[in-house]
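Undergrad: In case you want the letters, here they are:
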Amino acid sequence: MQIDDLPTECVIAIAKRMSAMDLLSFSSTSKHFFEIANDNSIWLSHCKNILKNHSPSLAYLTRIKNAVFKKTHFYKSFKQLYRLLHKYAKFLGLWHPDYSFFIGGLIRIRLNYDNENQFVLVGERIICPYAEMEDIYQLSLDERINIHIQKDTKYQTTKVFGVKMKEGILAALCLEGAHKGTHEIVIEQPMIPENDLPGLLSTISITERIKSQSFPLGPPNAVTGLWGFPISNFGSDATLSGSNSNLESHTTYGSHGNELMLLSYSLETEKKLRVTKITGDVNVPRGEISFTADLNNWKYTLGNTLHNINNSAEFKNGIVFDGKGTVAMEGYQSATKIPCDVIVVSDTQFSVYWYGLEEMGDGWISSFTYFEDLQ
Amino acid sequence: MASVKLTTSDDKEYTLDRELIFQSNLIKNMVTDLDVFDAPIPLPNVTSSTLDIVIKYLKIHKDDPPPPDKPIEKAVDDMIDEDKELMKLEFNIMADVILAANYLDIPGLLDIGCRTVAWHIKQCKDYHEIREKFNIPKELWRSEEEIAEMKKELNGILG
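For the protein sequence lines, the chains are A and B, in the order given. Under the working numbering, the first residue of the first sequence is numbered 1, with each subsequent residue one higher. Under the working numbering, the first residue of the second sequence is numbered 376, with each subsequent residue one higher.
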């Protein structure tokens, strides 16, 4: 039997494992293969692959495709969607901008389109609003413990830049805020010899002026979608609550207000939860571990703890794990680990009780999306 | 241990451990749904030489956990050495193995077979070489004009 005698489903299975470039050579070989290379499921698979850092589901991709199609009447198949993603997917995700060490933050880059139906890459800074006093309610169970609990805090985004995608070479980078104005960036297209098609990738290079300010540097981590964190060996594939997208949480930190955290956990090798700071404060800067928790065994349910906060309904099902939290003097001086209790309240909420500080902080888990405004 | 009997297209009879052959979803469903134990299951699409290769694969992977549902990987480098060794086959035999894996519903074998073929296609420098390598008959070729047109289209997608 020869390869071209294989039933279509087998050839499709092979084609799904080829790069788009190889698919071109492959479909040039015969009429049969050409028809197969146009199959929607192959391009769906390519779309999924190019977005695999974001673990897209079929429903999710179809939603994007339909949204894009409705708006432009042009991108009607997954092949066309691939055309879009091939160019821009590498920029999507959460990036770590070049902010100062003690502040940090995240820039989310996602696809959107403007009112002329032109595609734009939008960069937004993700911030957690500072807690207003009235948003905090106190559970003073013990004279010594301050509990900061904030209800329903959501992250907020501020637009930092938008990159207009034009056919051709030039695109405009519009920075908002302090760097307002239009700057030119170049989408470089390598010279292609006529009969040699590989290497069609376009790359964005940014003029020096902008690079030195707050544009994300380098590609994000394949696992976390984040840039430059010292956590590259720490897999977060395992799931704690049934969700495996990039997980960030915001946590209240006493006088420092809300901060963004990255939660990563592994349940396979060492059962450990690690929470790394995305935004920092004057004591513990970004990129440092805020606290870890040993997930091997939980100490007790909250019903009989020394905190004696079982009166509160929301803590009723909480499970307490042993943790270690990082505290430091201003400027990350004399950093030490102090014991803390990590209380998993629900799938999306946790609390941390810091023994040395006699303070309680609250956290919420949220995951960011990249296409939400396309609908 | 219970076993399952299979008959290949060239009338060879195989007796295999259930645990081993149950990696094939087809056989597993057949045996559990239809409750056939003693009667040999005919495999009209599979020759004995192909089944030998399939059995080699099943033996390598008999203790594997069920595969997770993840995006399709392209890299041949990620394959384990035993699989790479097993996939060193002539293309016509490879096609038989892929067909058998598809028919018997053994996702892992289908995956490594397809990955290997895709890898071989990647090694070819142009479509002439692919035609030669895979023995594609001339009457199925596309004309040079058609190819030029399609290149233009794909250029639009990748450019």
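Treat the hints with care, since some could be wrong.
[As the list claims (entries may be wrong)] On the chain B side, residues computed to face chain A include the following (Cβ under 10 angstroms):
(1) Lys387
(2) Tyr389
(3) Thr390
(4) Ala414
(5) Ser423
(6) Ile428
(7) Ile430
(8) Ala470
(9) Leu515
(10) Met525
[As the list claims (entries may be wrong)] Calculated lysine to aspartate or glutamate pairs in the EDC-like style (CA-CA distance at most 20 angstroms, straight line):
(11) B/Lys500 - A/Glu124
(12) B/Lys508 - A/Asp294
(13) B/Lys513 - A/Glu35
(14) B/Lys526 - A/Glu288
Treat the hints as calculated values from the structure; they're not laboratory data. Note that CB positions come from ideal geometry on N, CA and C, so glycine has one too.
Undergrad: Hints first: check each against the structure and report whether it holds.
TA: Hint-by-hint comparison with the structure:
no.	hint	in the structure
1	Lys387	18 angstroms, violated
2	Tyr389	21 angstroms, violated
3	Thr390	26 angstroms, violated
4	Ala414	27 angstroms, violated
5	Ser423	15 angstroms, violated
6	Ile428	13 angstroms, violated
7	Ile430	19 angstroms, violated
8	Ala470	4 angstroms, holds
9	Leu515	4 angstroms, holds
10	Met525	7 angstroms, holds
11	B/Lys500 - A/Glu124	43 angstroms, violated
12	B/Lys508 - A/Asp294	55 angstroms, violated
13	B/Lys513 - A/Glu35	17 angstroms, holds
14	B/Lys526 - A/Glu288	50 angstroms, violated
Of the numbered hints stated above, those contradicted by the structure are hints 1, 2, 3, 4, 5, 6, 7, 11, 12 and 14, listed in ascending order.
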